[in-house]
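**Student:** Below are the chains, spelled out letter by letter.
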Amino acid sequence: MFSIKNFLYIAWIIVYLMHNDLWFWDNPTLVLGIPIGLFYHIIYCFVASLILYLLIKNAWPKFVDEVDDDAKNIENKVH
Amino acid sequence: MVTTIIFGYLVLVLFIGVLSHRLFRGTGEDYFIASRTIGPFMLLMSLFGTNMTAFAILGASGEAYHEGIGVFGLMASASALIIPSVFFFVGTRAWALGKKFGYLTQVQYFRDRWGSDTLGLFLFFVLILLLIPYLLIGVMGGGLTLNIITNNEVPEWFGSLLVCIVIVLYVSYGGLRGTAWVNTFQTVVFMILGIVTFVIILKNFGGLNGAMSLVAEKHPELLIRGENIKPLKLLTYTGIPLSVGMFPHMFMHWLSAKRAKTFQLPLIFYPLCIAAVWIPSVLLGIIGSIDFPGLQGAAANSVLVKMVGEYAPGVLGGFLAAGIFAAIMSSLDSQVLSLGTMFTQDIVVHYGFHDKLSEKKQILFGRIFVVLILTITFFLSLISNKSIFKLAVWSFSGFASLFPVLLAALFWKRSTKFGAFLSILTVAVLWIILFIQGWNNPGYTIGGTGIMPVAVILSAGAIAMVTGSLLTKPPEQALISKFFPEKE
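Protein chains in written order, with the working numbering: chain R, 2 to 80; chain E, 127 to 614.
Hints in this document: simulated from the structure, not taken from any laboratory. Careful, some of the hints might be misleading.
[Claimed, not checked] DSS-like mimics (lysine-lysine), calculated; alpha carbons at most 30 Å apart, straight line:
no.: 1; chain 1: R; residue 1: Lys6; chain 2: R; residue 2: Lys58
no.: 2; chain 1: E; residue 1: Lys539; chain 2: R; residue 2: Lys63
no.: 3; chain 1: E; residue 1: Lys608; chain 2: R; residue 2: Lys6
no.: 4; chain 1: R; residue 1: Lys58; chain 2: E; residue 2: Lys384
no.: 5; chain 1: E; residue 1: Lys225; chain 2: R; residue 2: Lys6
no.: 6; chain 1: E; residue 1: Lys482; chain 2: E; residue 2: Lys608
no.: 7; chain 1: E; residue 1: Lys225; chain 2: R; residue 2: Lys58
no.: 8; chain 1: E; residue 1: Lys487; chain 2: E; residue 2: Lys384
no.: 9; chain 1: E; residue 1: Lys608; chain 2: R; residue 2: Lys63
no.: 10; chain 1: E; residue 1: Lys432; chain 2: E; residue 2: Lys344
no.: 11; chain 1: E; residue 1: Lys384; chain 2: R; residue 2: Lys6
no.: 12; chain 1: E; residue 1: Lys608; chain 2: E; residue 2: Lys384
no.: 13; chain 1: R; residue 1: Lys6; chain 2: E; residue 2: Lys387
no.: 14; chain 1: E; residue 1: Lys608; chain 2: R; residue 2: Lys58
no.: 15; chain 1: R; residue 1: Lys63; chain 2: E; residue 2: Lys225
no.: 16; chain 1: E; residue 1: Lys226; chain 2: E; residue 2: Lys482
no.: 17; chain 1: E; residue 1: Lys432; chain 2: E; residue 2: Lys225
no.: 18; chain 1: R; residue 1: Lys58; chain 2: E; residue 2: Lys539
no.: 19; chain 1: R; residue 1: Lys6; chain 2: E; residue 2: Lys482
no.: 20; chain 1: E; residue 1: Lys329; chain 2: E; residue 2: Lys432
no.: 21; chain 1: R; residue 1: Lys63; chain 2: E; residue 2: Lys387
no.: 22; chain 1: E; residue 1: Lys432; chain 2: E; residue 2: Lys226
no.: 23; chain 1: R; residue 1: Lys58; chain 2: E; residue 2: Lys226
no.: 24; chain 1: E; residue 1: Lys384; chain 2: R; residue 2: Lys63
no.: 25; chain 1: E; residue 1: Lys384; chain 2: E; residue 2: Lys482
no.: 26; chain 1: R; residue 1: Lys58; chain 2: E; residue 2: Lys387
no.: 27; chain 1: E; residue 1: Lys356; chain 2: E; residue 2: Lys344
no.: 28; chain 1: E; residue 1: Lys599; chain 2: E; residue 2: Lys539
no.: 29; chain 1: R; residue 1: Lys63; chain 2: E; residue 2: Lys226
no.: 30; chain 1: E; residue 1: Lys539; chain 2: E; residue 2: Lys387
no.: 31; chain 1: R; residue 1: Lys6; chain 2: E; residue 2: Lys539
[Unchecked claim] Examples of chain E residues toward chain R, derived with CB under 7 Å:
no.: 32; residue: Thr218
no.: 33; residue: Lys226
no.: 34; residue: Gly228
no.: 35; residue: Met338
no.: 36; residue: Pro357
no.: 37; residue: Leu358
no.: 38; residue: Leu361
Note that the structure is a prediction, hence the values are computed from the model and not measured. We put the beta carbon where it would ideally sit given N, CA and C, even for glycine.
From just these sequences and the hints, can you work out the full model?
**Tutor:** Quick look at the structure:
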């Protein structure tokens, strides 16, 4: 079954490819006073933040949490 | 007045670094990685502040002065996606391995991963070689800032020397905890002051619309990519942020995280922090072309400081210059500390004294090495006149090209020490060759195609990793089981 994790990995690749915005290359239009070629990349930063949030919620590495839990258990025993 | 404010700021920074010493536990682990106790907000500020250097403030505005808005896409937005992604896929795993096996440096991990002392030693020297240009941009940036903001009253060499001395003092005294505290303070300072600078300067141009209209009249080519940047260059530039995976100072900050979940806040907010710093830098660099035309080459590094001097003189100018200083020092301190840590752990303790060296002596060796490297870097800054942006890109390209070695270590069981060795050697040789070819050639790309050297060096490094591994016998099962336990 196609998992949400795989979907997010594909979404990441698409977002990466969309970094090369050939469609705004020579466009001098201003959006909110900012050249559209720059405005696009500012929005891109917000999209990057969103995709990281989704990866954290749906694809957090299990191995890392296991080490974390082991370490917490040892700390609790010590205290 | 401006000089007084900057000196006052440096004293404050020193005070914070020294204050952190009150929490010092007296152990090497505490000095070198704050006993792995750094929480989410401080980790975000440390990771972001460490990465935002003279490059992001002075270099970005200087490059935007020449090439326009495309500079944001080249480094900022690419970094906004790739850097936190590297933290997610790689940083968390590096943290977990550091926690599990007690690593304090990258070299300890790589040495252990492939069971090779020689590999560890070779990697140590390559990392130091690549770190020196990175240190250089911070030292140069400090000197340049102080010189311009004081209208040439303070010579560049003095500013550079001052930055070196302040950093040596609080890094030596506070270790990574001191560095993290100071980074947090400095990152908040330069982010807030950066936005304040931007708003104040824009007001003089009638706001953003007014400023862009003026630029459209005089330098319309700066408002588009056009011929300034080729599409292939934009694509291949995305390899450069991979460098964060192999920066010794970033690795050190990863190891300092309290828990795995400590990474989550930094991952989400890192792209937004990048936008907050790079937008003003790039736009002010472009707007600077109106008031300060004709700045050639590396002279454009000074455009942001000139703008501050022109539109925010006096007390405010002093504070804004302090903000620039904050950005510069927040990287330099982590880099410097990582050098000290690497030398102490990877050379002195490992080869000289094994477990016989006391914690106190380990810390002393770290301090001595820090002073030595900064002294060399200071003298190099006196003779170097290259663009901060270009120096940084070369340094980042080298580190980025070592990324396949890190990926193979973390994810590929079949990788061998020979593959790693061949990859590092390939990267080192190719980097030197292309660096010599490209150094005096502004805007250098491979054969003028727009392809950045990083794309070639990284690809060659990856091929060498795979080829070298497959042509040699697989690693021992015990080594594989240690790093890839069966339950995974």
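**Student:** All the hints need checking, so say for each whether the structure fits it.
**Tutor:** Hints, one by one, checked against the model:
1. R:Lys6 with R:Lys58: holds, 10 Å
2. E:Lys539 with R:Lys63: holds, 18 Å
3. E:Lys608 with R:Lys6: At roughly 27 Å apart (the allowed maximum being 30 Å), Lys6 (chain R) and Lys608 (chain E) satisfy the hint.
4. R:Lys58 with E:Lys384: Satisfied, since the Cα-Cα distance of roughly 20 Å is no more than 30 Å.
5. E:Lys225 with R:Lys6: holds, 26 Å
6. E:Lys482 with E:Lys608: holds, 26 Å
7. E:Lys225 with R:Lys58: OK: Lys225 (chain E) and Lys58 (chain R) at ~23 Å, within 30 Å.
8. E:Lys487 with E:Lys384: holds, 26 Å
9. E:Lys608 with R:Lys63: holds, 17 Å
10. E:Lys432 with E:Lys344: holds, 19 Å
11. E:Lys384 with R:Lys6: holds, 26 Å
12. E:Lys608 with E:Lys384: This hinted pair holds, its Cα atoms lying about 23 Å apart.
13. R:Lys6 with E:Lys387: holds, 18 Å
14. E:Lys608 with R:Lys58: holds, 28 Å
15. R:Lys63 with E:Lys225: It holds: about 15 Å lies between the C-alpha atoms, which stays within 30 Å.
16. E:Lys226 with E:Lys482: holds, 23 Å
17. E:Lys432 with E:Lys225: violated, 46 Å
18. R:Lys58 with E:Lys539: It holds: about 27 Å lies between the C-alpha atoms, which stays within 30 Å.
19. R:Lys6 with E:Lys482: violated, 48 Å
20. E:Lys329 with E:Lys432: Roughly 16 Å separates the two Cα atoms, so the pair holds.
21. R:Lys63 with E:Lys387: Given that 30 Å is the threshold and the Cα spacing comes to 12 Å, the pair holds.
22. E:Lys432 with E:Lys226: violated, 50 Å
23. R:Lys58 with E:Lys226: Holds - the C-alpha atoms of Lys226 (chain E) and Lys58 (chain R) are around 24 Å apart, at most 30 Å.
24. E:Lys384 with R:Lys63: The given pair, whose Cα atoms are some 17 Å apart, holds under the 30 Å limit.
25. E:Lys384 with E:Lys482: Answer holds: Lys384 (chain E) to Lys482 (chain E) is near 28 Å, not above 30 Å.
26. R:Lys58 with E:Lys387: Answer holds: Lys58 (chain R) to Lys387 (chain E) is near 11 Å, not above 30 Å.
27. E:Lys356 with E:Lys344: holds, 22 Å
28. E:Lys599 with E:Lys539: holds, 12 Å
29. R:Lys63 with E:Lys226: holds, 15 Å
30. E:Lys539 with E:Lys387: holds, 26 Å
31. R:Lys6 with E:Lys539: Since the Cα atoms of Lys6 (chain R) and Lys539 (chain E) sit roughly 23 Å apart, the hinted pair holds (cutoff 30 Å).
32. Thr218: Result: holds, 4 Å to nearest chain R Cβ.
33. Lys226: holds, 5 Å
34. Gly228: Not OK, violated: Gly228 (chain E) not within 7 Å of chain R, min 12 Å.
35. Met338: Result: holds, 6 Å to nearest chain R Cβ.
36. Pro357: For Pro357 (chain E), the interface hint holds, since the closest Cβ of chain R sits about 6 Å away, which is under 7 Å.
37. Leu358: violated, 9 Å
38. Leu361: Because about 5 Å separates Leu361 (chain E) from the closest Cβ in chain R, which is inside the 7 Å limit, the hint holds.
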